[in-house]
Amino acid sequence: MSELDRAKRKIDALSIQDRQDVPAILQTKGLSMWFGGTSDTPRVTVLEGVDFTIREGEFVALLGPSGSGKTTFMRILAGLTEPSAGEVLYHGQRLVGVNPGVSVVFQSFALFPWMSVLENVAMGLRAAGMNLKDAMEKATAAIDMIGLDGFEDALPRELSGGMKQRVGFARALAVEPEVLCMDEPFSGLDVLTADNLRSELMDLWLEKKIPTKAILAITHSIEEAVMMADKVVIFWHNPGRVAAVLKVGLPHPREKKSPEFKKLIDQIYTILVRQAEVETKASQRPLALRKFQKLPHARLGALSGLLDLIQERGGVEDIYELEGELNMEADDLLELTEAASVLGLAVLSEGDIKLTQLGMRFVEGDILSRKDVFREAVAGSVVVINQILQALNTATDHSMDEEYFLDVLENHFTEDEAYRQLQTAIDWGRYAELFAYDEQSGVLYLEDPPEEEG
Amino acid sequence: MPRIINYERPLFRGHAPFSVYDVPIALAVFALIWAFLTVGRDMTAPVLPDSGELDLAFIRLPYYALRSVARMFLAYFFSLLFTFVFGSLAAHNRTAEKVIIPTIDILQSVPILGFLAVTVNGFMSLFPGSMLGIELASIFAIFTSQVWNIVYSFFQSVRAIPRDLTDSAAVFKLTPIQRFFRLEVPFSMIGLVWNSMVSFGGGWFFLAASEAITVLGKDIRLPGLGSYLATAVEKGDFPAIGAAIAVMLLIVVLLDLAFFRPLLAWAQKFRTGDVFETEYESAVLTAIQRSTLVETFVEKVSRPFWSFLIDRLPARLAASRIGSLAGRRRRGLSITGIILLVLGGGMVFFMVGDGVVFLFQSMTLGELGVIGLSGLATMARVLATVGVASLVWVPIGTYIGMRPGLARRIRPVIQIGAAFPANLVYPLVFLLFVRAGVDLGIGAVVLMFIATQWYILFNVIVGTLTVPEDLKAAADVMRLRGFMRFRTLVLPIVFPFWVTGALTAAGGAWNASIVAEVASFGDHSMKAFGLGAYIAQATVQGDWPGIVVSIVVMCLLVVLMNRFLWRRLYRYAEEHFTLEG
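Heads up: the protein sequence lines correspond to chains A and B, in order.
Quick note: the first sequence uses the numbering used here, first residue 2, plus one each step.
Quick note: the second sequence uses the numbering used here, first residue 6, plus one each step.
Treat the hints with care, as some may be off.
[As the list claims (entries may be wrong)] Incomplete in silico selection of chain A near chain B, CB under 10 Å:
{"no.": "1", "residue": "GLY31"}
{"no.": "2", "residue": "TRP35"}
{"no.": "3", "residue": "VAL105"}
{"no.": "4", "residue": "LEU112"}
{"no.": "5", "residue": "PRO114"}
{"no.": "6", "residue": "MET116"}
{"no.": "7", "residue": "GLU120"}
{"no.": "8", "residue": "GLY125"}
{"no.": "9", "residue": "ALA129"}
{"no.": "10", "residue": "LEU133"}
{"no.": "11", "residue": "ALA195"}
{"no.": "12", "residue": "PRO260"}
{"no.": "13", "residue": "PHE262"}
Calculated from the structure, these hints are not laboratory results.
Every residue gets a Cβ at the ideal spot worked out from N, C-alpha and C, and that includes glycine.
Looking at chain B on its own, in the form it has when it is part of the complex:
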């Protein structure tokens, strides 16, 4: 039964002058404003000679954490902006779709960490002498890790809007801005929130990897948790390492409680259809909704502001636009589209051509061979990672998934595990390798496994949860047990979910290889033979041709694996295991 009480509308509207919830909310608002000002001031600070030094005192940790979180949110903000601009464009314009969607598809599977050298250099030359350039490079790295699945989800949601709803938007003459805010964004809201959560989880990994890097011979340290940890590892300061990991864990948990959970609970009002789903509850959201302060703000400031922005402003400009709606439906490429394509294509062609000539002049055949072999070595590690993770987590995941109660209790643990950036614990694991005498060639698989195992576990559990109760009952009646039960009942249903998990895990493993195949702790350092290590080394040395070729090779391998392995498995799953009768 749907709820009659609606928490979106306060129960005691206009009755209480203020509520108990106002106190923590007012404090939170002040804290946010303070954080904004501080971070804003420090981000634009000039580069000083001691900018690379970080103070390992515990008292500095909250500040570093704040800087890291600010980076994450800025990147997230840009991701949303990018999504709304390019997602809308792709959804409404066929020419744009033909360019944007394939581009996203490729960028999604590209190992972003490899590009760090390129982007850091670019942004530093944009803002010479200011920390802002480096700051932006880090934010850009996080952005590129967050944005693609959010754009894609938005694009797909907008395309999936039922025709009746777009029809009624047209019949009632909604302006493009009204349609965007009243139909398209609300319709895609739940997908956006889920994908934001996934993106944030992935983003931490890149934050930790991009705050402290050595690019083209320059040591770069942005104030933040990632740099703090890197410095602590360099100095072998165990208490500081422990503290950094603990703070990170705390942030992940806090963000979940104070940001994502309320967001998810709030987004439920945008679900379509009458399907009863799990209620997502959040005490924080309830507090916000019951606060008189927030209510007053919404009614006096926010609602009139949005109403003006969405309804009044465009309505004045709208009259002329309604007539043009029909014209926009025309299929195919417009003339401007063709001109843009030709120009863009020409530019890309010449740039690539130039690059190829440059590369061939500076690359020996032997070097190319080394890169190719490294690629194969890393590919073997990626496959091994997925294989090991599957062997470990498929049985455990199905065990958990068969018990919904257990699954519900264990879910937050997995979510936090997935969001926690595995590269923060890499130095410790590496230290274990050093002590135990494990070669990094094999150890790297363990490191990659730590980073990507969650995707497989999570998907397997979700898949197992979808096994229908009546099939379970039928299996009980026929006394299917052990492996027989797994083969006939669980495997067919879980398989497609496993493919999704394995695909995501493989993508993550490629990225992780760049930070996993080279490792150092204090004076110890080790390097495995692989493409990740090659890229990492080329980045440090500023070996441009090496960077470009190795990244291109890695992208190629990722795309090939998608084409020839994962997509085939998907098709196999589609043809053989669907629950529809």
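Okay, chain A solo, but in the shape it has when bound:
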């Protein structure tokens, strides 16, 4: 346990102190969000005790793995969802209903397909009661600013993804929000388009061409966060919470290749990997006493590939190096390293990943013996799969409906996450040949029931 605490303290040491001298625009205090919690549905916590502040002049990036409640958190800030506990303060006042000072750029663009570019951008202005002429003028100005000149009359479906997101930006900026929220605004775009749009946005923001006082951006790309933000807030999952807050003191424009930039990225990786460590440590209690881990949704082919690569590099490798080399999103890579760690095939420490003895046996084996190692690893560490096996062993015909396991998992995860957890568990369990699954009927069963063997 002391080791666990130490890891946590190390993370805290990397965090920064909040600046009290600049007025806060938005603040959350002890914000929690859960679903269920009635007599018949168990409570599933999505966010727990989030304290957060965004101040005038700040660009804050929200970073975290999938399922850490980032989007839910942003929806609460925008007033689209009410938190289960805690409060949102807007200029020190408790927020009720939709936040009047926030506008949002969506990952999916969320344009109204039947409205022209101009109508989409003018929508918010018209809703605010501006007359037609003024609204059209202002919308046109926003369209010009974002570089969509000449496309005023086009319908969204005539535009490419990048152009659509420009409309999304123009629409959000036209209403001159105090805080601009962006939910992974660039992740639906190809790399070049995203780079281009990002630097244009940064230009508008840094040159103060827009009256926006603060920006909050959700992202899963560490590089993007360090590129844009003054402050990076790192979320962790199960339940979603703030793991660390990091200050980025680099001047703009930022150079990806600079040592300071790389150092920051390393720091963030270290924090994320340590979080994974903390989780693994917590799960090293006897199997029966453990709570359900949140299984990383790693595809096994990719996991094998990763382990092979690490072996080629001598059994240890820096995770950030791997990201650059494999050209993978940090998110996806972390899912893989976490899977390796959960299964005990590798250990994570100080931003490195190192194969364990079990891991070495895995990479040295052929297809069949790899399966044996994997089966050993799964049976020794994955709580869900063990419970599934136990249930199947005691069931009369050694088969059970997936709904049963879904119900159990829903006590610990949201409905969607429970479904994904079961999918991953089934995927792993099938590969390990621990049990079989019939997709059509949704039944899990043992292929070689114990009696037939004995």
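With the hints as your guide, set chain B onto chain A.
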């Protein structure tokens, strides 16, 4: 590739002072205004002693057709109104949803024709001495046949709006009225148009059945095509019968060309996503969009009007409403909801209780037995109808569906066939039965088949069209032919579509039984043993307990069949045949 040229925006905006398209459009507008005034005047006319008489002169046909079409559109207007009010209510308020959706589900499967006696009587007493009461009863009958699937489609569309879109509506502080006109109606537009087409098709059947009826001993004839035909049949006037059928066919085709096709083509701008679908083109729509007259009207009158209605008016009242948005999300029943439910439930309980007592006092056990047996007889006919229609149309439908070119060419024919009210040809078919000595007990199946076969054919074709090309190629490579090919390739994919078609056809057949199990032509008349005939007869005689009990029994049978047959088949289809991997 999506089109770059956008026909919603005229290409030559502001250039031409007027265009060639303006002439027919101006004429059409004048004709519409004239039609409005005429129909409005005649609909409210007092009931005269000769109101039941219809002039069979051909020259009167256009006028009768106009009256019938006006009824259809009025009913359609009320359907839309009802949809927007109750569909929205159900989509936004959980208490309302719990009441409205199950109600729609039941009303959807209820044989509406059976209620004619009740509604006609009600509306006549509302407007004594005026044709308006009878007129409204007919419109109400059409309305009840059109409205349910439109409401349901709207409700489902509103519920299916992606969260990102409702979020952005909230972030940009759209007022409830703006959200309705700018998001909810546009999002549901395509579903509304398709369902309107289906509803209109079904509506003609009820129009023809409700214009000329005998209720509670009173002969009622509204001026219209349905009455014209009924009178012609009574007098055995073959040229008039032929003319009525021809005019009906003409109307169905014209409406398709001048109303639904342009509507469908226009609605394409509301489709979501980038999926390329079939282009729906309509010359009429192009004409309307290119007309300077229409453009001027849109820019000078319609757009400012709507803009004021949607944006300006509510924006003045809006400030106070934004804050309350969050409160409305709360789940469960509100206190007002509970009070309303209790009050409503109490009223229904006492009314039903009263009715049951009344019925038991006036119904003998023997009579109840007759009704039950009649129900079973009609149910057998309904099943036979679906069976025969499937045997006939599944092979033909799959043959057509396998050939997309042929399917495209044949589609308008099927659409018109489905929209044409089959009960208009019933008298002629009945005459054939009389000549050939066919008993109506069996003949009724043929009549019901004529009315409902289209649903099965249409759905089977649509289903077959979805068979993926690569599976077809795989079947070719493996040399699957004939029945093997049908069983392994076509059947699994078409089955769910067939279930939908069969369910709709069965619903239609129950309704049709009310006009198919009793028939007359001139002096000939015949009656089959069945619940449809029982209802028809009870309606004519004004036998209230008989009407109520027989309708209740029919509703029960329909609901039972839905539960125990169609829903099971659906589930079977879902579990066994889905294309998703």
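Each hint tested on the structure:
1. GLY31: With a minimum Cβ separation of about 19 Å from chain B (threshold 10 Å), the hint on A/GLY31 is violated.
2. TRP35: violated, 14 Å
3. VAL105: holds, 5 Å
4. LEU112: holds, 8 Å
5. PRO114: holds, 5 Å
6. MET116: Since the shortest Cβ distance to chain B is 7 Å, the answer is holds.
7. GLU120: holds, 9 Å
8. GLY125: holds, 4 Å
9. ALA129: Since the shortest Cβ distance to chain B is 6 Å, the answer is holds.
10. LEU133: holds, 6 Å
11. ALA195: Given a least distance of 19 Å, the restraint on A/ALA195 is violated.
12. PRO260: violated, 40 Å
13. PHE262: violated, 33 Å
In summary, the numbered hints that this structure violates are 1, 2, 11, 12, 13.
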